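Q: Given next are the chains, with one letter for each unit.
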Amino acid sequence: MNSTTVIVGASLAGINAARTLRLQGHTGSIIVVDADSERPYDRPPLSKQMLTGEWEPEKILLPAGKEDLDLEFRLGVRAKAVDLGARQITLEGADGTVANTAFDSLVIASGASARRLPDSAGIAGVHVVRTLADSLALRAELEAGPSRVVVIGAGFIGAEVASSCRKRGIEVTLVEAMPLPLERILGAEMGRVCAQVHIENGVDLRLGTGVLQLETETVDGVEKVVGVALTDGTTVAAEIVVVGIGVTLNVDWLEGSGFTLDDGVVCDNTLLAAPGVVAAGDIARYPSARFGRMLRVEHWETAIAGGEAAARRLLAEASGETPVVFDPIPWFWSDQYDRKIQLAGRPMPTDTCVVVHGSTDEFRFVALYGDGDRLTGVLGMNRPRHVVQLRALFEEGASFSEACERAATL
Amino acid sequence: MRIVVDFDLCESNAVCMGIAPEIFEVRDDDFLYVLDENPPESMRAKMEESVQRCPKQAISIAED
Numbered sequence: 001m002n003s004t005t006v007i008v009g010a011s012l013a014g015i016n017a018a019r020t021l022r023l024q025g026h027t028g029s030i031i032v033v034d035a036d037s038e039r040p041y042d043r044p045p046l047s048k049q050m051l052t053g054e055w056e057p058e059k060i061l062l063p064a065g066k067e068d069l070d071l072e073f074r075l076g077v078r079a080k081a082v083d084l085g086a087r088q089i090t091l092e093g094a095d096g097t098v099a100n101t102a103f104d105s106l107v108i109a110s111g112a113s114a115r116r117l118p119d120s121a122g123i124a125g126v127h128v129v130r131t132l133a134d135s136l137a138l139r140a141e142l143e144a145g146p147s148r149v150v151v152i153g154a155g156f157i158g159a160e161v162a163s164s165c166r167k168r169g170i171e172v173t174l175v176e177a178m179p180l181p182l183e184r185i186l187g188a189e190m191g192r193v194c195a196q197v198h199i200e201n202g203v204d205l206r207l208g209t210g211v212l213q214l215e216t217e218t219v220d221g222v223e224k225v226v227g228v229a230l231t232d233g234t235t236v237a238a239e240i241v242v243v244g245i246g247v248t249l250n251v252d253w254l255e256g257s258g259f260t261l262d263d264g265v266v267c268d269n270t271l272l273a274a275p276g277v278v279a280a281g282d283i284a285r286y287p288s289a290r291f292g293r294m295l296r297v298e299h300w301e302t303a304i305a306g307g308e309a310a311a312r313r314l315l316a317e318a319s320g321e322t323p324v325v326f327d328p329i330p331w332f333w334s335d336q337y338d339r340k341i342q343l344a345g346r347p348m349p350t351d352t353c354v355v356v357h358g359s360t361d362e363f364r365f366v367a368l369y370g371d372g373d374r375l376t377g378v379l380g381m382n383r384p385r386h387v388v389q390l391r392a393l394f395e396e397g398a399s400f401s402e403a404c405e406r407a408a409t410l
Numbered sequence: 001m002r003i004v005v006d007f008d009l010c011e012s013n014a015v016c017m018g019i020a021p022e023i024f025e026v027r028d029d030d031f032l033y034v035l036d037e038n039p040p041e042s043m044r045a046k047m048e049e050s051v052q053r054c055p056k057q058a059i060s061i062a063e064d
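Taken in order, these protein sequences are the chains called E and C.
Okay, so the first sequence: first residue is 1 according to our numbering, each after it adds one.
Okay, so the second sequence: first residue is 1 according to our numbering, each after it adds one.
It should be emphasised that the hints constitute simulated quantities derived from the structure, not laboratory data.
All values derive from a computational prediction rather than experimental measurement.
One or more hints might be untrue.
[Claimed, not checked] EDC-like, lysine to aspartate or glutamate: derived pairs with alpha carbons at most 20 Å apart:
(1) LYS59/E x GLU22/C
(2) LYS80/E x ASP338/E
(3) LYS46/C x GLU255/E
(4) LYS56/C x GLU41/C
(5) LYS167/E x GLU298/E
(6) LYS167/E x ASP262/E
(7) LYS167/E x GLU11/C
(8) LYS56/C x ASP373/E
(9) LYS56/C x ASP338/E
(10) LYS46/C x GLU395/E
(11) LYS56/C x GLU395/E
(12) LYS66/E x GLU48/C
(13) LYS56/C x ASP104/E
(14) LYS56/C x ASP30/C
(15) LYS80/E x GLU54/E
(16) LYS46/C x GLU63/C
(17) LYS46/C x ASP28/C
(18) LYS66/E x GLU49/C
(19) LYS80/E x ASP36/E
(20) LYS167/E x GLU54/E
(21) LYS167/E x GLU189/E
(22) LYS80/E x GLU255/E
(23) LYS80/E x ASP68/E
(24) LYS224/E x GLU141/E
(25) LYS167/E x ASP8/C
(26) LYS56/C x GLU298/E
(27) LYS56/C x GLU141/E
(28) LYS59/E x ASP8/C
(29) LYS56/C x ASP119/E
(30) LYS46/C x ASP29/C
(31) LYS224/E x ASP119/E
(32) LYS56/C x GLU11/C
(33) LYS59/E x GLU11/C
(34) LYS56/C x GLU54/E
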C-alpha cells in the first residue's frame, strides 16, 4: 500500500491502526489527526493512578505513539467535515485555520467526549474525566484537600473516581439515577454487589435519584459549585462535583457525508464503513454474529483490536485479499478500591446470572450469564485467572450449562 | 528472547495468560508467575501480542 491514509483519532484505536498499517507494509503517508493536543496516551489511568497522584503523565504515553513509525501527527487539529466523493477531509487547526487534506483511505477513530450536565459550563469545581487535561485539572483540586466530592453517575468512571477520592481520604457522595449501579450492564443482582462495595468503602451512596441542579456561589466574579440539589429533595454540599454520565460520540464531522450514523458509524462485519473507509474504537458499530446483534463496544481492548482490524481491512482491500471478520469477545476491567471487576462477553441485564465460584459476600467470586443455554457473560471480582480461563469458552462455543460445569473444575 | 515483567506495574489482569498460558500464569494468590522466561522463538508472535495487550504495559521483550 503506497497511498495517503488519514486517521482521525490518535487514541488507542487510531494509534493502533496507524501502527498496524505501517508494520504490515503501508509505505505511503499516514496522517494522524486528533483534537487533543497531547501525545497519544492511555485513558484507563486517568480515573485511577493519575487522580491518586501515583503516576505522572509521562507514564501513560502509549508505546505506539513513541515508536518510530514515520507517522505525521497533527495534534490539536479537529476534523470538521469529510467529502467521500472528492476524497478529502476538512481540518481545523488550533489557531482556527481551516484547510482540506486529500486522502486515499480513511480511518474513523474519533471516539467520544464526556457528556456534561446542562448549564454547567463555566462553573468552577465541576469536572468530567475523559482527557488528560480533565484528569490533571481534577487532580489539582483534589490535592487541595476538599472535604467532600460529589460524583454524579455510578458507572465505571464514576465508581473509579469515587474510589480514587476515597484513597485520598476524601469523603464521597455517589449519586446514581438508576435504582442500582451498573444494572444495565451487569443486571440487578450484580448491581447490588457493586453498590455494597461502595458502601463498604465508606461512600455515601444515593441510588434512584437524579440531579435537580447545581448550587453555586459567585465570589470575586467566579461562579463556583457549593452543592448539588437532588430530585429526592435533598441537597449535598460539595466543593467538587465530578460528572460521569456517559459519553457523546464525536460524529458531528461525519454528518451529511453519506455514512450511516446510528449510535455510531455503522460498519459491516469487517469494520468497513464505505469503500476505503473503516471505523474503530468507541465509535464503530458492527454486526456481531457471536452475540446476534449490532454491537458498539467502548472497551479498551476492543479499541486496540478494532484499530488493528480496521488497518488490516484497508490492507486487504488494497491487496485484494479476503477481509477478516471482526467479532472479538468483549472484555474489560475496572479497578474500584481493592476490587478488580472483569467482564468478558456481553450479557443483557435480564439474562440468568449464576455465581459459580467464591461468594459475593466476600467480594471474590465468578458469575456466569446465560440467555437460555447460550453463554453471554463471565463476570469476576478479584478472580482474574478464572475470568480469562472461562473467557476461552466463548471461542470454544460452549453452552451456558457446559460453562457452569467447567467453572466447577477451576 | 527473554520475557521481562515489571511487577510494580502488573495488576494481574491475566490478559497475557489468556494469550499464552504456557508462559504466563496468574495463580490463586492473584499474582502473575512467568513459567518460562526464555520462550522459544516460535512463541514470538504470542509474546508480542501479550506486550501489546497488557493493560498496564508491564511486559517487555529483551533480546539478550
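Q: So, against the hints stated earlier in the document, which numbers end up violated here?
A: When the structure is compared with the hints, numbers 1, 2, 3, 4, 5, 6, 8, 11, 13, 15, 17, 21, 23, 27, 29 and 30 turn out to be violated.
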